Each structure stands twice: as structure tokens, then as C-alpha cells.
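Read top to bottom, the protein sequences are chains Y and L. Note that numbering that gives the first Met the number 0 has the first sequence beginning at 0, numbered continuously upward. Note that numbering that gives the first Met the number 0 has the second sequence beginning at 0, numbered continuously upward.
Treat the hints as calculated values from the structure; they're not laboratory data. None of the values given here were measured: they were computed from a predicted structure. Treat the hints with caution; some may be incorrect.
[What the hints assert, rightly or not] Okay, the calculated bits of chain L under chain Y, using three or more residues with CB under 8 Å as the criterion:
{"id": "1", "region": "10-21"}
{"id": "2", "region": "110-119"}
{"id": "3", "region": "243-256"}
{"id": "4", "region": "364-377"}
All residues carry an ideal CB built from backbone N, CA and C; glycine is no exception.
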Amino acid sequence: MAVVLLAHGDGGLLTRELVEGVFLKYFNNPQLRQLSDSAVLSLPGGRLAMTTDAFVVEPIFFPGGDIGKLAVCGTVNDLAVSGALPLYMTASFTIEEGFRLADLERVVASMAAACTEAGVEVVAGDTKVVPRGHVDKLFITTAGVGLVPEKVDWGYHRPVPGDAVLVNGSLGNHGLTVLAARENLGLDGALASDCAPLNNIIKLLQKHCPGIKMMRDLTRGGLATAAKEIAEACGLDICLQEEALPLDPVVRGAADILGLDPLYLANEGKFLAIIDPAQAAKAVDILSQNSYGRNARVIGEVCAGSGNVYLQTPLGGTRLLSLQAGQPLPRIC
Amino acid sequence: MLKRLNDPQLGREMIRKVRERAARLTERLGRAVTLMEVCGTHTMAVSGTGLRGLLSGLVELRSGPGCPVCVTPARDIEQIIAFARLSGVTVATFGDMVRVPGAQSSLERERAGGARVQIVYSPADALQLARDNPRWEVIFIGVGFETTAPLAAVSIKQAAELGLTNFSIYSVHKLVPPVMGALLGAGDLKVDGFILPGHVCAVTGSRAFAFIGEEYGIPAVVAGFTPVDILDALYVLLDLIQAGDHRVVNGYRWVVRDDGNLKAQRAITDCFYTGDAAWRGFGVVEGSGLFIRDQYAQYDATQKFAGAGPASVAGPGLATERVGKSTTTGGFGTGDFLEPRGCRCGELLRGLITPPDCALFGGKCTPASPAGPCMVSSEGACAAYYRYVTNQPRLPGVVNANSGAAGSGAGCRKVEL
Chain Y
0 MAVVLLAHGD GGLLTRELVE GVFLKYFNNP QLRQLSDSAV LSLPGGRLAM
50 TTDAFVVEPI FFPGGDIGKL AVCGTVNDLA VSGALPLYMT ASFTIEEGFR
100 LADLERVVAS MAAACTEAGV EVVAGDTKVV PRGHVDKLFI TTAGVGLVPE
150 KVDWGYHRPV PGDAVLVNGS LGNHGLTVLA ARENLGLDGA LASDCAPLNN
200 IIKLLQKHCP GIKMMRDLTR GGLATAAKEI AEACGLDICL QEEALPLDPV
250 VRGAADILGL DPLYLANEGK FLAIIDPAQA AKAVDILSQN SYGRNARVIG
300 EVCAGSGNVY LQTPLGGTRL LSLQAGQPLP RIC
Chain L
0 MLKRLNDPQL GREMIRKVRE RAARLTERLG RAVTLMEVCG THTMAVSGTG
50 LRGLLSGLVE LRSGPGCPVC VTPARDIEQI IAFARLSGVT VATFGDMVRV
100 PGAQSSLERE RAGGARVQIV YSPADALQLA RDNPRWEVIF IGVGFETTAP
150 LAAVSIKQAA ELGLTNFSIY SVHKLVPPVM GALLGAGDLK VDGFILPGHV
200 CAVTGSRAFA FIGEEYGIPA VVAGFTPVDI LDALYVLLDL IQAGDHRVVN
250 GYRWVVRDDG NLKAQRAITD CFYTGDAAWR GFGVVEGSGL FIRDQYAQYD
300 ATQKFAGAGP ASVAGPGLAT ERVGKSTTTG GFGTGDFLEP RGCRCGELLR
350 GLITPPDCAL FGGKCTPASP AGPCMVSSEG ACAAYYRYVT NQPRLPGVVN
400 ANSGAAGSGA GCRKVEL
């Protein structure tokens, strides 16, 4: 008997099968089939970007953020990487009976602070309280809308061979931070989530680098899964240089010990951008001057091909990156 | 030193030297040099660094029985699933075990069906789980080699000191030297040398593997896990083969002593006795399993939950039950170990095939839907090949914005950054 497994929610191969086999089967429309971070909808007055997301992180408070900040940043970033200027969002709270009111207020205050930084407003909401054990503490579901400026045309149809691939900073910090906090791995103080609203830095980039072709949010499944999805959707290869990937030494070391690949760990303040190579250096320069892009790097390029992602290793070898298959699990020895 | 061990420039220079040496040897042998990396972590490292491809045509690297998840036989998986089905029991396990398929289920599926399965990072975490939840019966799945067994032993001793009554271990710990003896004794493995597991040797000592050279005339090098470590071991190994020298060389001296870690060895012998154990692909290997001593019987899940085996397996002694052919008679049989149909994990673990030789590989067996454990474990050879080496099938349905306009698959070229 086929059942839903935890791995169906990891953003990788099984998630894709679930989306293909169930959701797209019934919600069959061109916008959803793009499987982008937001749907960009052409309306009589312009283009509207719309997104929705659910947040179920454990623990709900972690170094560098909490479930509330995550909910706002995740929604804002989904809009921003689609080229939209985020405007409004809604939030639905599913709360477990017995959840501390003070913790709820802490979460909501954190959301408000993130909204202020991002310049968005929560304009509608909903609250449900369920019996103890029916959810784990607190789930937040959001929707967000934004407007896409007239001149912005981002998407899978834009990349061509030779385009540069860049990221705005160190990879895997969020995934490892939450894992370390959940499993009490003793990395306290050494790690913090990169959770941040990226719309302002992306707006800056849009203004100075019109050669941006597309962006993706590097959340579940990390850089590797996002790159693979882009390569498949574009029908091109993406060639990455392992030596160019920005990784904090703590993330690199801890992931190595645990047998986890940081390229598959989630981020909450990182994007991948594909950009005209002539503007790549300028983009890195602009990003580097911002706290959310301090470790921005060009990490590779788009190549002719058929949907593969290659990683050139420091030894000069090549390995393939694929969609994440199952949750990242620590090894035994 | 760590910086040096990960220095890409040094690594690239060493690759040049290894390739040169391998080319000379290949010419002399008239074929590629065949080496076995015994340890799963080495398997992942040689695939993840692209080393396998860089040495292609010169050195063929085969995986051996060094992934603890992969060598756990199907009947033990069934037993673990049976434990998970017991009311009030929480199975505490390393993450890799969760997705290993049994005949019809897995811990992942049991968890989806309501079983309590908790991923832990060490036996100490499982012990803590039992202390924090006195109403739970916590069974820790003791999978691993000499590297993890001492930690399990310590947790048993601590449980005894604390007087815990809700903690036990299902010990399927295994010892690497006996299975290497079985592998070589079978006579069907054709390799020119071995890369030995650094972590295991840190406990056993390099001398525990000296018999490989002395009895079977095959050289071996104990290796660490950074690219430079592995390349250094390859270099030395190729040198030994070229010279016809059959020694076992310790190439990981800053971690591994000839006699190993005596304290860890003592912890193991204090809590465990050695007995015959079943290995996937090997059948029963004499003296290769670690079983909990009677002194600590209350922490032995096979005794504590003696009626809880799968239907075909009654009571304790499961892991020591002799099925298939014994290694002493030569050759291996799978007996009633219920391997998945068509799965060749067993032959893979014996170094007889590489993952693409299995008809299920990449088709009916993928990381998303694994048929055998070698596709599941983060140290499994099939997982390494699938993840790092092969092309995966495209999934239908995603809009391909450039369909029809794609290039000819020029692959990766050097990007100037």
C-alpha cells in the first residue's frame, strides 16, 4: 500500500513524484506546471506574482531565526526570486493546544520585524487551534503577492550556454543549524541560520544588472536540487566549480563528520542567479557590499547539454549532482 | 596538516604521479589494475572527488564489504521491523537504516504506519532517549563495525550503572578482519590490492589485517579519507604491486597504530563476545559478529524480546543462525536470507561486480525507490555510483523551456572564475 512518507516532503525526487503524480494531475495549468517559486500571472493591469508556503520547522526557535521569521522570509524570497516586488501576504496559524502564549507572541513579533525589513504587510490571517498532538506546536501557512516590473522577464526560457551562475553567499548554514539544534549536536554558537528577506538586495541587483536571466531560492534540497531542476527545465547543463562554492568551515567540517553533503542542505537566505557573463563581476561586486551577499561568488556557468549538473572537483574530476533523494541522513561511521 | 591533506594542488600533482605509476603497471599487466576499497567512506570519497573517473582505464576500483548497512542481511532487517511493530517500543537507529527495504516494509514505512522510529547519532543518544522517556522501551539498532561497537559497549555499561530497565541493543555489529578472510578464502575475488579502512584499523590496529599479505599474497594499504590520504595510499599500493611486495602497509600512521586502540578493544570485549554472524551476500562468517555477553543479557534485545522475531525466525540467536554455505567450505550461499528478487548487492559486496552490472541499477532500483541496501546507505556503492557517476533518468512533466534547442551535450569545461 502506497503511503505518504516523510521523504515525500524533502523537496527532492519523491516530492517531485508527489507533485507530478497527484497535484499536477488535477491542478493542470501552465502556471503551476512551471513549478517555479511563484506563479507570475498576467492581469489587465500588469503582472502579479503569487506564492504560498507552509512552515513546520522543528525546533521553532533556532540560532539565527524562528518559524515566524522563516515564514516571512520564505514567502518574500519566493516572490523576489521570481522578479517580483513583494507587497502583501497572509498568514494562517495552526496551533497545538497547550502552546505557550508567550512563544506565540515571540513568533508573531519576529514576523512583524521581518515584514518591516522586507516592506511587506500581513493583510489577512486565520487561526486554528487543534487538540494536543494533532500538530507539533505551531504550523504557519502563508500566501504572498507581489508585482513584477514591466521590464523584468525572468524564467527558464532565458538561460543560454555561457551564462554565469552565481550565489549570494555561504551554503548549507540553515539546514545544518536546524539539524544541530534539533539533534543537540553541540555546535552551539558556531552556527546560525542564514534566514533573511532578500527582496531588497535582489531589487538592487535588478536595478544595476539587467542581464539577470532567472533566479531560484535555495531552500529544501539545497543548491544541488535547485541547479538540477533549472538544468532540466532549461534543457541545458550547469557546470559548477567545487572550489568556487562558498562554504563556512564549520558547515564544511560538521557536514563532513556527519556524512552530509552541504550542497543538499537547505538555505533560507540564499539564491542562485543566472546572469549574462558580462555582468557577473558587477553583480558579485554589488552583492558583496551588502550583508546578505558578502560571500557572493560566481560558481560556474551554463553549458550546452541536456539537463545535467556537473561539479568539477578540486582534483580535476567531475561528478554529477542530482535531485535530493530522501532526507539527508547522517552516516554510521 | 589538515589543510595539506585537502590541498587540491597537492592532490592534482599526486594524481599525475598515481596515473603515471598505474600506466606503467597497466602496461605490464595488460589490463587495468584492480583494487578494492573495503570501506564505504572510501567508496563515497573516490566517487565524490571524481577520482574514479580520473583513474578510469588505469585503475578499476571495486567496493567491498565495508558498508555496515549494506552487509546487514535481509533477515536482520525483518527482525528490526518486527521490533518496530511491538507495542510501546521505540526503535532508535542511525538514519541510514530507516530506508533499507525488508521483504515488504522498511522502518520508514513502519514509521508512516504509526511505529515509533527515532533517528539517533550515537548509542549515547539512544541511551539518553531511554532516560528521558522511562515509559518507552528503547531498542537501539547496533549496526556498525569496530568503529561503533565500543560506543555501544559504553552505553551498555552506562545503562547498567544507571540501572535502566527500558534500554536494550539489537547487536548486529560486525568485525571486518574475519569477513576479509572469508572474502579471500572463497577464491573468486580477483584484485591486485586493497585499500583498508582507516577508521576500523584505528581500533583493530593495522596488524589485524597482516594476514591479507601473509596468507593470500595480496598487498594492502591502510588509508585515511581525504583526497591526499587516498592518493597517497594508491601510490604506495601501486608501488607494492609493481615490486611484488605483499606487505600490509600502514599509510595512516598519525591515526592508526600497529596494535590499534587498546581501550576501545577492551570496551568491546567487556560487553561482547564474538560469534558467527550472517552477512548479506556472504552467508554466515565464522567469528565475525559481536553479541552481548550474558552478564548484560537484560540489555540484549534478542533476549529481552525473545518472542518478537518475524514469522520465519523464532527467538534469539537469529544473527548466529547458520544458513547457506559456511565460509569454511568455500563459496557463498544466500540460503533463506530472502534477498530482493534480482538484487545483486551480495555480489557487489564481494567485489565481483560493479553497480552498473546489476540489471536493477538505475531502473527498478534508485535512491527514491531502492531494491537493496547498497542503493540506500550513504556509504553504499550503488548510491555512490548513482549519485556521483551515472546519468539519472529524466522525470516527465517539468516544462522544458528550451526543448528542441538544447546543445549536443558538450559536458563540463573548465570555467575561469
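Structure-based check of all given hints:
no.: 1; hint: 10-21; in the structure: holds (count 3)
no.: 2; hint: 110-119; in the structure: holds (count 4)
no.: 3; hint: 243-256; in the structure: violated (count 0)
no.: 4; hint: 364-377; in the structure: holds (count 5)
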